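**Q** This is what each chain is made of:
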Amino acid sequence: MWSIIQTLWKVFLHAASKRKTVLYPEVRPHLPARWRGRIILTRNPAGRERCVACYLCAAACPVGCIAMQAAQDASGTRYPVFFRINFSRCIFCGYCEEACPTYAIQLTPDFEMGEWKRQSLVYEKEDLLISGPGKYKDYNFYEVSGVAIEGKNTGEGIDDEPPVDIRSLLP
Amino acid sequence: MTAITLPLLLIAAVLFAVLTVAAGLIWLERRLLGLWQDRYGPNRVGPFGLAQVLADMIKIFFKEDWIPPFADRPVFVIAPAVIIVTVLMSFAIVPFSRHIMVVDLNMGVLFFLAFSSLGVYGVALAGWSSGSKYALLGSLRGVAQMLSYEVFMGLSLMGVVMLAGSYNLSAIVAAQERVWFVIPQFIGFVTFLIAGVAETRRLPLDLPEAESELVAGYHTEYSSLKFGMFFVGEYMGVTLISAFITVLFFGGWRGPVLPGIVWFSLKTCAFICFFILMRAALPRPRYDQLMAFAWKVLLPLALVNLLATGAIVLAFFR
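For the protein sequence lines, the chains are A and B, in the order given.
So for the first sequence, the numbering used here puts the first residue at 1; every next one is plus one.
So for the second sequence, the numbering used here puts the first residue at 1; every next one is plus one.
Simulated from the structure, these hints should not be mistaken for laboratory data.
Hints may contain errors.
[Claimed, not checked] A few chain B residues that face chain A, going by a derived Cβ cut-off under 10 Å, partial list only:
| # | residue |
| --- | --- |
| 1 | Leu35 |
| 2 | Gln37 |
| 3 | Asp38 |
| 4 | Arg39 |
| 5 | Asn43 |
| 6 | Pro47 |
| 7 | Ala270 |
| 8 | Phe274 |
| 9 | Leu277 |
| 10 | Ala281 |
| 11 | Leu282 |
| 12 | Pro283 |
[Unchecked claim] Calculated pairs, BS3-like style, for lysine-lysine (alpha carbon to alpha carbon, straight line, at most 27 Å):
| # | chain 1 | residue 1 | chain 2 | residue 2 |
| --- | --- | --- | --- | --- |
| 13 | A | Lys117 | B | Lys296 |
| 14 | A | Lys117 | B | Lys133 |
| 15 | A | Lys117 | A | Lys135 |
[Stated by the list, open to error] Beyond 10 Å from chain B on every Cβ pair, some chain A residues (computed):
| # | residue |
| --- | --- |
| 16 | Leu23 |
| 17 | Arg38 |
| 18 | Glu49 |
| 19 | Ala58 |
| 20 | Cys61 |
| 21 | Val63 |
| 22 | Ala67 |
| 23 | Ala71 |
| 24 | Ile91 |
| 25 | Glu98 |
| 26 | Met113 |
| 27 | Leu129 |
| 28 | Ile130 |
| 29 | Ser131 |
| 30 | Glu143 |
| 31 | Leu169 |
Bear in mind the structure is a predicted one, so any value in this text is a computation, not a measurement.
By construction, the Cβ of each residue, glycine as well, lies at the ideal position given by its N, Cα and C atoms.
The following block holds chain A by itself, in its conformation from the complex (with noise of 0.2 Å):
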């Protein structure tokens, strides 16, 4: 019997304690660099798409809401046709950002995405692409990798070795 009345008391004094509730629109709640939410397409700081179309997102993606085609552009760099995310689908489980070969795909901490009909929130590559790197200022996928495309051959990358000559004995 105290027990229940110490109870009753002590809940009667959460009556001034402080709010835990965030009043959401009116104050914002910090969400930090990393939070997953809205998916963009960012570019390299040269100001091209990252995106190769590689399909490692899609395939990463576990509710597989992302769909695209690839081609090769004159140059040799690979590009996707179109670029596609349902987010009617998405669970923003930052997979696809884990996957992607070429930082091309980022999760901001954008949430805020209501629509009133369900195909708006599928978003085509115009809707993903941004103008900027994102996370990754300096980061430009062929200048690292080995893929030759046009003015840059395989070892002529930054920290590339030329390629060993495979059918030679000679160190």
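Could you slot chain B onto chain A? The hints should help.
**A** Chain B alone, transformed into the frame defined by chain A:
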């Protein structure tokens, strides 16, 4: 002419006030629960979220009113009305102020006890006519609980009746001119309070509902406005018990400076808030604990109180 219209107006006013308070309690309960749980509660619709009541009502009006095919139709429809009617009838005898009461019955306390007993029918019929296991189990518990607590609810009031020497509620209020009955009848007050919580099926004694065990107990199968009626009935029950605690133990409309109706409202409101505080703070007991508590603790306590009060009244006030 005024002999007819005045009581009718009074009845309409009491009905309106009680229903408004019951609706307002939806908001009050949610806000107070929020307050005691370090949240805000509904604060978006209208000033302080007051229009939440309106929003909730619109929502519940437009829900599908579905009667399950396996239910006993006429009984199923009548059951929620029984709960509302039994509670509303008791409001007829509440003295809101010195002159504001619908009817000044000379057996007021008995009238109240009779109608709160009839309230059991609402629970029993609702559970039985639903034709579902959970509803039946809930109403089974409800009936057992309400009948057990009814027993000493009546007994706990007999001390007050003895001291006042009348069943008439205005006479009971008048008898509290010098000292509120909560002081000489403290045990009676505590037992009546607990019985009142059980009668209104409120937490912590909401075993007939018991969401965690019985889905929603006796009103599992109800939807839309019928479900709403159970809720309004529950809130009106809370108001009724609070009003009766005020009248029987806390001097009714008596108080300095302010008019009687204001004092009555303030006291009633305080007890309504206490009901909500109990909901915020206390866990639900096990079913056997509930029954043991009623029969082994509260009933003997009420009986001892009855005997002691009777002895004292006989010895000193005759």
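**Q** A separate judgement is required for each hint: does it hold in the structure or not?
**A** Outcome of the hint check:
{"no.": "1", "hint": "Leu35", "verdict": "holds (5 Å)"}
{"no.": "2", "hint": "Gln37", "verdict": "holds (7 Å)"}
{"no.": "3", "hint": "Asp38", "verdict": "holds (5 Å)"}
{"no.": "4", "hint": "Arg39", "verdict": "holds (5 Å)"}
{"no.": "5", "hint": "Asn43", "verdict": "holds (8 Å)"}
{"no.": "6", "hint": "Pro47", "verdict": "violated (15 Å)"}
{"no.": "7", "hint": "Ala270", "verdict": "violated (12 Å)"}
{"no.": "8", "hint": "Phe274", "verdict": "holds (8 Å)"}
{"no.": "9", "hint": "Leu277", "verdict": "holds (6 Å)"}
{"no.": "10", "hint": "Ala281", "verdict": "holds (4 Å)"}
{"no.": "11", "hint": "Leu282", "verdict": "holds (6 Å)"}
{"no.": "12", "hint": "Pro283", "verdict": "holds (9 Å)"}
{"no.": "13", "hint": "Lys117/A with Lys296/B", "verdict": "violated (62 Å)"}
{"no.": "14", "hint": "Lys117/A with Lys133/B", "verdict": "violated (41 Å)"}
{"no.": "15", "hint": "Lys117/A with Lys135/A", "verdict": "violated (30 Å)"}
{"no.": "16", "hint": "Leu23", "verdict": "violated (7 Å)"}
{"no.": "17", "hint": "Arg38", "verdict": "holds (25 Å)"}
{"no.": "18", "hint": "Glu49", "verdict": "holds (43 Å)"}
{"no.": "19", "hint": "Ala58", "verdict": "holds (40 Å)"}
{"no.": "20", "hint": "Cys61", "verdict": "holds (36 Å)"}
{"no.": "21", "hint": "Val63", "verdict": "holds (32 Å)"}
{"no.": "22", "hint": "Ala67", "verdict": "holds (38 Å)"}
{"no.": "23", "hint": "Ala71", "verdict": "holds (49 Å)"}
{"no.": "24", "hint": "Ile91", "verdict": "holds (27 Å)"}
{"no.": "25", "hint": "Glu98", "verdict": "holds (36 Å)"}
{"no.": "26", "hint": "Met113", "verdict": "holds (21 Å)"}
{"no.": "27", "hint": "Leu129", "verdict": "holds (36 Å)"}
{"no.": "28", "hint": "Ile130", "verdict": "holds (34 Å)"}
{"no.": "29", "hint": "Ser131", "verdict": "holds (37 Å)"}
{"no.": "30", "hint": "Glu143", "verdict": "holds (52 Å)"}
{"no.": "31", "hint": "Leu169", "verdict": "holds (76 Å)"}
The structure shown violates the earlier hints numbered 6, 7, 13, 14, 15 and 16.
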